[in-house]
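Q: With the hints as your guide, set chain B onto chain Z.
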Amino acid sequence: MENSAEMQRFIEFTADSYLNITLQQEQQKAMVSEMVGKLTSVCWDKCITSTPGSKFSSGETTCLTNCAQRFLDMSVIIAKRFEMQ
Amino acid sequence: MDSFSSSSGSPPNTEALMDQIKAQLAQAYAQEFLETVGNKCFAKCVTKPGSSLSGSESSCISRCVDRYIEATGIVSRALFSSTH
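Heads up: the protein sequence lines correspond to chains Z and B, in order.
The numbering of the first sequence is full-length UniProt numbering, which starts it at 1 and goes up by one.
The numbering of the second sequence is full-length UniProt numbering, which starts it at 1 and goes up by one.
With the rest of the complex left out, here is chain Z:
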């Protein structure tokens, strides 16, 4: 039973690393969902101007897609703008 303390430490270390990795993964997933949620809200306000029908028009679908992608482009530009200073 000499190495039981060592074993204990090993178990704790393994548990710690496992928790850290899975926590990071969950954190990333949460960030992604939050971003999708925010963008949907912004682009909904921009693109869906009439009362919602039983189907999106192709214009609305395109607008939503463009809106999300341009928002990303803009974020990149803003980030670069602050890097320059």
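Mimicking BS3-like on lysine-lysine, the simulated pairs with C-alpha atoms at most 27 Å apart in a straight line are:
id, chain 1, residue 1, chain 2, residue 2
1, Z, LYS46, B, LYS44
2, Z, LYS46, Z, LYS80
3, B, LYS48, Z, LYS55
4, Z, LYS55, B, LYS44
5, Z, LYS46, Z, LYS29
6, B, LYS22, Z, LYS29
7, Z, LYS38, Z, LYS55
8, B, LYS44, Z, LYS38
9, Z, LYS29, Z, LYS80
10, Z, LYS46, B, LYS48
11, Z, LYS38, Z, LYS80
12, B, LYS22, Z, LYS38
What the hints contain is simulated information worked out from the structure, not anything from laboratory work.
A quick note: this is a predicted structure, and the numbers were derived from the prediction, not measured.
A: Frame of chain Z, contents of chain B only:
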């Protein structure tokens, strides 16, 4: 290694904790989603609140909720499967 070989891979306590965290995150997400959809569809469908929700308001709300879910999917796809 016999003492903990029964738990395959990860220690049991940690796994329970992660499940709890995941469940809480999912609940928080659902709550926020409901709140957002409620606000958006109330703004679109109930422009002049009367003494009760009319039939057309109710059907507008259910269409609106469907569209909002669809919009979430479109935005998500635009971000992650984009070719730009």
